[in-house]
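2 protein chains.
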Amino acid sequence: MPLQAIDEDPRTPYQLPFPPDAQDEIVVPKAIADDERIWVPQAENVSFRPLCLNRSQGYWMNLLRVRKSGVLSRHRHPQPVHGFVLKGRWHYLEHDWVAEEGGYVYEPPGETHTLVVPDDVDEMITYFQVNGVMLYVDPMGNTLGYEDVFTKIDLCRAHYTKVGLGEDYVDQFIR
Amino acid sequence: MPLQAIDEDPRTPYQLPFPPDAQDEIVVPKAIADDERIWVPQAENVSFRPLCLNRSQGYWMNLLRVRKSGVLSRHRHPQPVHGFVLKGRWHYLEHDWVAEEGGYVYEPPGETHTLVVPDDVDEMITYFQVNGVMLYVDPMGNTLGYEDVFTKIDLCRAHYTKVGLGEDYVDQFIR
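First to last, the protein sequences are chains A and B.
Numbering-wise, the working numbering puts 77 at position 77 of the first sequence, and it's gapless, one number per residue.
Numbering-wise, the working numbering puts 94 at position 94 of the second sequence, and it's gapless, one number per residue.
Honestly, the hints are just simulated from the structure, not real lab data.
This one's a predicted model, so the numbers in the text were calculated from it and none came from an experiment.
It is possible that some hints are incorrect.
When chains are identical, the list treats them as one kind, so a pair holds in a single copy or across two.
Calculated cross-link-like contacts (lysine to any residue; reagent style SDA-like; alpha-carbon spacing at most 20 Å) [what the hints assert, rightly or not]:
1) Lys30 - Pro20
2) Lys30 - His91
3) Lys162 - His95
4) Lys68 - Pro20
5) Lys68 - Arg157
6) Lys30 - Val71
7) Lys87 - Pro118
8) Lys68 - Asp171
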């Protein structure tokens with residue numbers, strides 16, 4: 001149960017130092033960045049904004065942005081995905097539910113799906129945690145490609161170099 | 001790199017069945033629930049709204065809501081935490097940055113901190129992924145209690161029974 005013993009000083013901060021080997025935190029004040037350079041293109045009308053690119057556990061937290069008529073190609077997830085819709089609306093061709101603004105979605109390991117945005121939505125932005133890998137497949141499940149946290153980092157480095165932020169810009173999001 | 005081969009039919013859905021052993025997805029249309037019964041009290045002015053309570057990996061996705069003068073007591077995280085602020089503003093007594101609406105925070109393993117909401121904020125709501133355990137500690141790091149995904153499930157069952165939704169109401173969020 002939450003608290004088994006009484007906390008005598010609930011507003012007294014922790015007095016000891018943090019472990020010297022602990023990583024730094026990441027604080028991103030306005031995740032939906034106004035600076036267009038921060039959004040990394042990944043397909044036509046599809047881009048992402050990195051938040052945490054985790055090397056030791058192999059997952060990434062990012063905002064996925066899809067603009068009019070963009071499609072996130074058919075892909076399989078061997079590990080869980082969590083989505084929280086911050087703006088707009090989307091659905092998977094393989095499901096009949098719709099992910100709406102303010103909504104949460106858990107996608108279990110084993111899903112293969114294709115993310116599309118309806119014509120009346122100009123832009124959707126969803127905060128996703130993707131674990132492991134996305135395996136792009138054809139309609140019969142034959143592999144066409146993949147993305148993992150390292151291809152995401154590569155895309156960021158190439159893009160940030162191109163737009164003048166520098167390849168090191170992504171380092172603040174890598175853990 | 002994302003797509004190594006050409007997808008001939010980007011809008012053709014996946015044609016095969018999902019793995020029969022795969023779990024069901026979770027779809028929560030409006031995560032910030034209007035129905036007050038869905039919010040599970042965990043301390044004075046602090047409540048949470050379960051989204052995914054994962055038993056096999058020992059983590060939980062939830063909305064944490066803190067109303068005026070609420071405090072999330074000092075606690076240590078041995079595993080990573082991800083937060084996305086949906087409403088309001090908060091900070092940790094142990095850090096000088098502020099988590100603002102629309103902002104993202106990564107809290108590395110090894111952090112001990114105390115979440116407080118400033119007086120001019122009536123309500124803050126943050127979408128958190130908490131992995132493993134929260135160890136409540138006193139200012140010198142002595143353990144006062146803990147929470148894990150199973151104590152969260154217990155709290156949900158007890159609360160949903162009390163408010164008439166029934167102890168099974170939480171099952172839709174358990175994976």
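Going down the list of hints, with the structure as the test:
1. Lys30 - Pro20: neither (28 Å within a copy, 41 Å between copies)
2. Lys30 - His91: between (26 Å within a copy, 15 Å between copies)
3. Lys162 - His95: neither (37 Å within a copy, 34 Å between copies)
4. Lys68 - Pro20: neither (47 Å within a copy, 34 Å between copies)
5. Lys68 - Arg157: neither (26 Å within a copy, 42 Å between copies)
6. Lys30 - Val71: Neither way: Lys30 and Val71 sit 25 Å apart in one copy and 24 Å across, limit 20 Å.
7. Lys87 - Pro118: Within. Shortest intra-copy distance 13 Å satisfies the 20 Å Cα cut-off; inter-copy 27 Å does not.
8. Lys68 - Asp171: Neither way: Lys68 and Asp171 sit 30 Å apart in one copy and 36 Å across, limit 20 Å.
Consistency with the previously given hints fails for numbers 1, 3, 4, 5, 6 and 8, ordered from lowest to highest.
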